[in-house]
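**Q** Sequence lines, in order, name chains A and B. Letter by letter, the first sequence follows residues 1 to 113 in the working numbering. Letter by letter, the second sequence follows residues 1 to 115 in the working numbering.
Fair warning: there could be bad hints in the mix.
[Stated by the list, open to error] Calculated cross-link-like contacts (lysine to any residue; reagent style SDA-like; alpha-carbon spacing at most 20 Å):
1. Lys58(B) to Gly41(B)
2. Lys42(B) to Glu24(A)
3. Lys41(A) to Ser107(B)
4. Lys42(B) to Phe51(A)
5. Lys41(A) to Gln37(B)
6. Lys41(A) to Asp85(A)
7. Lys22(A) to Ser107(B)
8. Lys58(B) to Lys42(B)
9. Lys57(B) to Glu100(A)
10. Lys41(A) to Lys58(B)
11. Lys58(B) to Glu100(A)
12. Lys41(A) to Ala24(B)
13. Lys42(B) to Arg63(A)
14. Lys58(B) to Gly83(B)
Don't read these hints as lab results, they were simulated from the structure.
Listed below are the residues making up each chain.
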Amino acid sequence: ETGVTQTPRHLVMGMTNKKSLKCEQHLGHNAMYWYKQSAKKPLELMFVYNFKEQTENNSVPSRFSPECPNSSHLFLHLHTLQPEDSALYLCASSQGGSQETQYFGPGTRLLVL
Amino acid sequence: QQQVKQSPQSLIVQKGGISIINCAYENTAFDYFPWYQQFPGKGPALLIAIRPDVSEKKEGRFTISFNKSAKQFSLHIMDSQPGDSATYFCAAKAHLSGSARQLTFGSGTQLTVLP
C-alpha cells in the first residue's frame, strides 16, 4: 500500500450512531490533516497534527473528535452527527505541519440520515 | 481576508482548446500558490505551484500566471484533452505563524473537455 489510504470509502450513519474514520499514510510524513469537502465549497481544514500533537482546530464541533496515535495513523471519531455533516472527508499528510505539498487520500463519503 | 475566490465554477472546453481558471486573494502575506487537480473518487493531487517572485511557471501543458499587484493568479491548460476533465482547486498559504500558514482553498472549478 502506498500513499495515503482511508477507510471506509463510504459510510452511512444515523444521527445517534458512533463511527470512526481511519487514515494511514505510508510516506514517512510527520503531519496529518483532516479536511471536509462539500459540493461547490472550498475544502475546509478541520484538524492538523504535527508529530502526533494537535496544532490546529478550526472551530470544529465537538461531535468530531480526532485521534492521532502515531505519525502514520489518524482517526476521526464521529458521534451524534447532523445531516449537514454529510460530505467527503479527506485526510492528507505532509513532511511538516506547514509544508506546502500535501498528499491527499481518496476520502470517505459520509451520509448522515 | 483568508479567502481565495475562484472562477468560473464550471468550464466546458473543446479538445485542443485552452482552459483558463482564475483565482484572486486578499491576504498579502500569502507566498505560495498551488493548484490541485481532483478526479472523481480521488483526493486532490498537486498539479503545479508558484511563488510570487516569478510571474509565470510552466510545466508541460500547464501554466500558472501570477499578477502580484492585482493579487490574482490563473491556471492555463493548453491543448486541453478529455483526460484533463477534473475539478481544479487553487490554494494559497503564507509562511507566517497562525492560520494563514495552512492552505486556503478556492471553491473549485469543474472542467469538462469535450472530445
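**Q** Indicate, hint by hint, whether the structure satisfies it.
**A** Now the hints, each set against the structure:
For a cut-off of 20 Å, the pair hint linking Lys58(B) to Gly41(B) is broken: about 27 Å separates their Cα positions. Of the pairs offered as hints, the one joining Lys42(B) and Glu24(A) holds, with about 15 Å between alpha carbons and a cut-off of 20 Å not exceeded. For the hint linking Lys41(A) to Ser107(B), the alpha-carbon distance of about 5 Å falls within 20 Å, and the restraint holds. For a cut-off of 20 Å, the pair hint linking Lys42(B) to Phe51(A) is broken: about 26 Å separates their Cα positions.
A threshold of 20 Å between alpha carbons decides the hint, and for Lys41(A) with Gln37(B) the separation of about 15 Å falls inside it, so the pair holds. Among the hinted pairs, Lys41(A) with Asp85(A) is consistent with the structure: their alpha-carbon atoms are about 13 Å apart, no more than 20 Å. A C-alpha spacing of about 25 Å is found between Lys22(A) and Ser107(B), which places the hinted pair above 20 Å, so the restraint is violated. This hinted pair does not check out: Lys58(B) and Lys42(B) have alpha carbons roughly 24 Å apart, beyond 20 Å.
Pair hint Lys57(B) plus Glu100(A) holds up; C-alpha atoms about 17 Å apart against a cutoff of 20 Å. At roughly 27 Å between alpha-carbon atoms, Lys41(A) and Lys58(B) are farther apart than 20 Å, so this suggested pair is violated. The straight-line distance between the Cα atoms of Lys58(B) and Glu100(A) is roughly 19 Å, inside the 20 Å bound, and the hint therefore holds. For the suggested pair Lys41(A) and Ala24(B), the alpha carbons sit about 15 Å apart, so the restraint of at most 20 Å is met.
Of the supplied pair hints, the one linking Lys42(B) and Arg63(A) is violated, its CA atoms being roughly 26 Å apart against a limit of 20 Å. Our distance criterion of 20 Å between C-alpha atoms is met by Lys58(B) and Gly83(B), whose separation comes to about 19 Å.
Consistency note: the structure conflicts with the earlier hints numbered 1, 4, 7, 8, 10, 13.
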